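With the hints as constraints, model all of the structure from the sequences given.
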Amino acid sequence: MSLRIPRITVFHAILASSMILPASLPAQEPHNHADHSHDGHSHGEHDHSQDVIGFQLGDWKMRSFDNPSQAQTHIATLTRVGCDVEQASQGGMINIRYRCPEWKSMPLKTHDLADQWAKWFTDAGFDVTHAHGDPAFQQGPEAVEFRKVSWTTIHASNTPDEQELVKKLQQIGCEVRSQPHDGHTDLLFRAPLWRDIHLANHQLAEQWIGWLGSNGFETHHEH
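Per this note's numbering, the very first residue in the sequence shown carries number 1; after that it's consecutive.
Hints listed in this document are in silico derivations from the structure and should not be mistaken for laboratory results.
Owing to the predicted nature of the structure, the values given are computational and were not obtained by experimental measurement.
Now the in silico label distances, taken between C-beta atoms and shown as ranges: (1) Gln-87 <-> Pro-180: 38 to 46 Å; (2) Gln-87 <-> Ala-200: 48 to 56 Å; (3) Gln-90 <-> Glu-164: 54 to 62 Å; (4) Ser-214 <-> Val-85: 37 to 45 Å; (5) Thr-110 <-> Leu-188: 23 to 31 Å; (6) Ser-214 <-> Glu-86: 41 to 49 Å; (7) Asp-127 <-> Gln-70: 22 to 30 Å; (8) Gln-87 <-> His-202: 50 to 58 Å.
Glycine is no exception: its CB is placed at the ideal position from the N, C-alpha and C atoms.
See below:
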């Protein structure tokens, strides 16, 4: 079994000790956004010129390979993006166990590359997030950071209030899904990676902080 690794042309792999890294690794190390300390960057450091995907795999998953080269490529890729990886051989097969219990983010140069990597992670069993906000929220001196790791589910009613909720969630880059459930439709939303929006002034920032908090988001705002 093999998983196709999307080629990222902006990065040329470097050989590290005896491990041959595939030539398709990301140009930037994934950031660990597991807690409010923001490991990997300081508050407010978001490069809006890049597309970003997030990935997480809480439980161990196993894939078996009969091709050592493919197995090594898979191991190298999982290791490079920060996963826990174990391997063992049995009956001529190479068994690889891996997990990534904390959400990590990967910035990529283009939307197409982000889509390729999102598909690769999904095919490998990861939970993946890939959403875009309104560019209008990338401008302004007041930055508000937010996240919501777990899905919130509400009964879809298609009322004006709900339509406004969906509009705001999509504007700030949350994932929003509709899901049939027991004869009705549920509305689900989340933002498992730390994201930010930029506002024109402090008053607007405080209004958004209040709205985000009332809908279950964690927030951070530096005055």
